[in-house]
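**Q** The chain contents come next:
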Amino acid sequence: MLSRTADHLYWMSRSIERAENLARMLDARYRHELLPHAPEVLVRDWEAMLNALGLLSAYESKHGAIEPRAAFEFLCFDREHAGSIVSVLRQARENARAVRGSITSEMWETINATWLEARRYRAGSTEGGVGDFLEWVKDRSNLWRGVTLGTMLRDEAFRFTRIGTFLERADATARMLLARLPSSIEPPSVDAASADLNAWTILLRSLSAFEVYRKVYRDAVTPWRVTELLVLHAELPRSLRRSMNELHSGLAAVANEQSRETERRAGELQAQLHFGRLDDLTRTGTQRFLVSFLARLNDLADRIAQDFLVPVGE
Amino acid sequence: MVRLWGDMGAAFNEMQLPDGSYRPHYARYAEWLAEQAEERLSRKRAEADSLFHRVGITFAIDGEHEGMERLIPFDVMPRVVPIDEWRALEKGLKQRVRALNAFIHDIYHEQDILRAKRVPAEQVLGNAQYRPEMQGIEVPGGIYAHVAGIDVVRSDSGGFHVLEDNLRVPSGVSYMLENRKMMMRLFPELFARHSIAPVEQYPDQLLENLRSVAPIGVDAPTVVLLTPGAQNSAYFEHAFLAQQMGIELVEGQDLFVHDDAVYMRTTRGPRRVDVIYRRLDDDFLDPLAFRPDSMLGVPGLLSVYRAGRVTVANAIGTGVADDKSIYPYVPDMIRFYLGEEPLIANVPTWILRRPDDCEYVLANLAKLVVKEVHGAGGYGMLIGPAATRAELDEFRARIRARPESYVAQPTIALSTCPTFVEASLAPRHVDLRPFVLSGADITIVPGGLTRVALREGSLVVNSSQGGGTKDTWVLNT
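From first to last, the protein sequence lines are chains Y and W.
Residue numbers for the first sequence follow our numbering, beginning at 379 and rising by one.
Residue numbers for the second sequence follow our numbering, beginning at 636 and rising by one.
So that you can see chain W by itself, here it is in the shape it has in the complex (with noise of 0.2 Å):
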């Protein structure tokens, strides 16, 4: 029989309540994992990795050598979602993209937020992700950020808040779909035993919209996929998703500009492109509008964008609105845009070009957690409680010189899940990413990525950081 133990003090368990029983939606897994041996969790967990390994579902890390790929560690543990608490988190979901959409829209057309000064003018011309190329340009449905991918963590209150808006080139949707290939193929007797919502039809939801979203005027569009090629460390989810959408994986160089349209170098000639579906950011696409050095983008391909000859997926732009300095703005949007109330709370967030917010962050950092407002992957960033006093000492310093480039939030004790560590199962901290797709509709496949943090007592999720993933089940009571 399988125990659990350890104590995440304060934290919001997942699996189970205060005196120790699980919660219902828990239940029958807690009933099958009693009647587990230890022996075989670990037994599976080894399977699962030599499987991720043969079919080579890993991430190569910056600077390691070729073929040096690294797995990201998968948990057999199951995050569950019981189908109620999912719809609610939907509904805020798709309230909170639909108001980023229109801020971007409005930040690229008119400006309204910023004449209402309910986001300061100079944060968002100012910001080094907005792309003054795009003012005035009309992009099909008035769609900018196609694939969202918004992480939310739960507070020790149980309640979700969102923690970071991805609205660029969101990765992670093809470890959802391989690890719950993974939870059906390594335990089937599970599946039996729930009903756990299907994730499977993910591609065939983002082919549509990116089909939904080309040029005017084109019938049967060609969509591509556009990696910087296989040294990047997401290249196999591009690959993975080109496959199961059944649309061309391309390279930059596989790609030119010829009489303001797109082509692909084929074996047959040049063949028309009407969407692209990039996992490249802004700054590469184009190296005559963009970075010149840019060897992975397309020549031209602005000129073609915005003459509306071509799509392109995540819009150019996009940057703007998931930035941290954005980010506390987020519900003021949704009471501009829509006239709502949010119904996802973000976590309270001191602004440090603020000086009462700087002044007050400054006095309390060992309590906090501060992150540099264009840092990515978990880097650039402070966390108070687990910082040494050196640590704490460089950061205000830096925080003094460049108080601009900085929020701080309250230590969130995110919510726990039993993980298999080494030695046991163990709570865990973890977060979850959702994927929102926008198209003529907004979906979102039920669930999304559970990252894990699995060092104990780490907050970090990352998986350049040590993080791991889990399959993420909505459960049908």
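Just chain Y, with the same shape it has in the complex (with noise of 0.2 Å):
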């Protein structure tokens, strides 16, 4: 396959998983906000999102001082910027457009329309408000993803459009994760992380994992738990270690003669995940390992490139 073919359907796959995970970040920020809070906890937790997004400057530059409403908006509608959930599907449109060749025709489509439904949304154009959208969005992504499942051929376009859906899944969940614990000085044990249970419910269903959690557990919620469902669970399909299944055995089907060394990165990391059990991987803290977690993909993102992609600077 082309190597520019390879980075748009890399790319395009992992727009739309950013926006799904945008919109499921969105989600869970927007139940949280209907509970009763502090309105400087509020932009408190605004700001950590916005900062964890690299877009705070921009936000601010814009609209200045936090206010939920204009964020949620600035992350949703904004086109001026590159990081809302619509700016995203553009660009996931985009991509697909540079390979209508390489995708069956009902992706293209399905890509293509949500791409122009997503121009009529306008802040504050639906009455159910941003809540509406936010589900529109994780349709459109579970559509999408319905139609690559159904039928796209399990060929190296195929392993490329996954590469890149799980990458970019395994960075989001670890994000929300991170973004879930006190930010404050590191905690003696996740257990003692926060006794806001609720918040921890609210990670647990923006993930889909709230019915899994009462499966796989059968008991209360509790931070070490989630924790371990999100990070360790073979099967649950937003786990940091599923994800890392994905992402490895994707690299060992497109294996070519320069990227043994990509593959054994994502080895070792997957490896981990596997055996690894959460109070040794979290010894020096949760917040620590999901850092270096995050770290280790972004190296791996970057091997991608230079391996199979096009090449940065060529």
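Each hint should be verified, as a subset may be incorrect.
[Claimed, not checked] Now the stretches of chain W that chain Y is said to cover, found in silico as 3 or more residues with beta-carbon under 8 Å:
1) 684 to 690
2) 871 to 878
3) 889 to 900
[Stated by the list, open to error] One side of the interface only, derived from the structure: several residues of chain Y facing chain W at Cβ under 8 Å:
4) M379
5) L380
6) A476
7) A491
8) E635
9) R638
Since the hints were made in silico from the structure, they are not lab data.
Every residue, glycine too, gets a C-beta built ideally from N, C-alpha and C.
Put the two chains together into one complex; each comes in its own frame, and the hints tell you how they fit.
**A** Okay, here's the thing in structure tokens:
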């Protein structure tokens, strides 16, 4: 396959997955804000989120002080920066358009129709508010995934599409978990990290993992178990371990002469999640573990670009 | 019930006879039409628009910002051609393309036709589209115009004429294929009532032809489609054809030349390319040979091509045969190379570099159509009867300054076909572009792309100037 084609496929699926994860993050915030909160807590949470997305200064230069409604609209509909859901959907569509011959026509039509419809959404344009829009984004991503799995030949193009999806998903799950941890000094144990169990339930719901949690643990929600589920569960579609399994097998399937080291590093990370125990992995703190996980993921993304895609600066 | 209205004067009506009755090949369609509520057709038309948008069958207009693609208006009324008429047309088109290929071969070899003074040598050798780099080069099968789009029109007499030959990178075939798909989706009952010749085999025929012209000694050739990229107005067609043929859609940056061969960059390393179906003009193909500022081409491609180690289709240098200044000589080419009389006539053309022709045209400008010889897409054109006095004066000055840059033709009342316009069904002028494929054989998919001038009275069918398209049916009776 053309390297450029692989590059577009990879970014197409990363963008769709990113739109979905942005919707999931915002959905969690949206539900969270329906609970009673002190205003300064809301502002701090929004700051943390915008900062994690690298959009805090862009937001502040446009809107000044943090205001939840403006922040939602900034992350959903603002087409002037590349980080909003609508902008990310546009990037997905531009990448798909560049390789529309390499994806099935159903995939293209789904992604194109999504973009055409997304353009019609404006701040305040939906009766059900931003919640309706976020549901719609998740629906479209679910549809796209179904169409992809249901129509695409399991060839190299499919592998690169999946590699993009799971790299992005591992990144998002790690970030959402990280955002749930208290940002102050590292606490002695995860169980003591937060008394706000509601927030952990919301995290589970926003990762479609609440029912799964009940099935797996048949017990009350605790931060420790939530962390274990999201990091180490082998079968949970959005867990770090599951995403790394998919990423590693994807890389093995597309291996070329120069990609051995990339595959090895992905395998090493996957093996840690496969055989590791949560108290070992988080011995120096859950936060530190997640930060290092994100750094290693980032290294893999760079190496994938170098080995298979359009090398930067060529 | 749907009513037809409007009158296009002397123009040949594809559907109706002057007394208002229907031509035999439209009889069944007219029966069906009479049963339809106008509201149903409007709904179908809206459905077609939304489907085309969704599928992204759009073209980008130069200068419009990204993501702002437009639809080429699609008309739900088909253009019907009876089979016997099609067979005659097909024969004439094959004859014409055979002669054009022979002409290009001759021009880049012995130049017999120039020595016989049947075509003025300076018209050819001084033409910007003449590529001296091609002199003496052998191309596989001696074929230059692998894909030709020959625009034909029907005049008031009812006979077909060739209006223009397109031998460089003719486009529009994807609309032919998509229009058919759309009609079958919207009106399946019409296809049950009629025996319509299929067109879906086009991509297979094209691929077979492209494989057949691979460099000698290559058994399983790798064929790619070279596009200028997603910003190009015909990008949809490039992606569509590549997908239909199952070949890679490449941009210049995906290809490179190494050791006298062309390779593409893949996720598993370089892979050899044997045939390039290019949808990029000569000028942009190779910055080392042609325009040095081209970012779209492949440096070194020409030298590999000249060495016969890659095939480029259409060949480099075909533009010398489809220039408007060469067009008047095509009937003579047919006589010269084939020893036959042309089966399809040209539109009579005055060549303004000839002083007598020029004088006549200047005196009768208001009745004529004047075309710039290197113009394309309906630009640089004067339609005398529709022009203002100021426009006529301006063109008169331009012709006096550079008469060799212009040709003129009588205004032809292009035939009309009923078309769904805002108010109702009304006659609009149409042309027809069949796609002629040259490989081991010459093949033409029955029909082609019918383009329609949507503005009342307009004769310009180009999509960049407000033209639309129709499905074209070749009907077995």
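**Q** Each hint needs a verdict: does it hold in this structure or not?
**A** Status of the hints after comparison with the structure:
1. Coverage of a stretch by a chain is defined here by at least three residues with a beta carbon nearer than 8 Å to that chain's beta carbons; for the stretch 684 to 690 of chain W and chain Y the count is 3, and the condition holds.
2. Note: the stretch 871 to 878 of chain W has 4 residues with beta-carbon separation from chain Y under 8 Å; the three-residue rule is met and the coverage holds.
3. Given a C-beta distance limit of less than 8 Å, the hint that chain Y covers the stretch 889 to 900 of chain W holds, as 3 residues qualify and 3 suffice.
4. For M379(Y), the interface hint holds, the least distance from its beta-carbon to any beta-carbon of chain W being 5 Å, beneath 8 Å.
5. This hint holds: L380(Y) has a C-beta 5 Å from the nearest C-beta of chain W, less than the 8 Å allowed.
6. For A476(Y), the shortest C-beta to C-beta distance to chain W is roughly 5 Å, which falls under 8 Å, so the interface hint holds.
7. Annotation: A491(Y) was flagged as interfacial toward chain W, and the flag holds, the nearest CB pair being 5 Å apart, inside 8 Å.
8. Hint status for E635(Y) relative to chain W: holds, with the closest Cβ pair at about 7 Å, below 8 Å.
9. Evaluation of the R638(Y) hint against chain W yields a violated restraint, the C-beta minimum of about 14 Å exceeding 8 Å.
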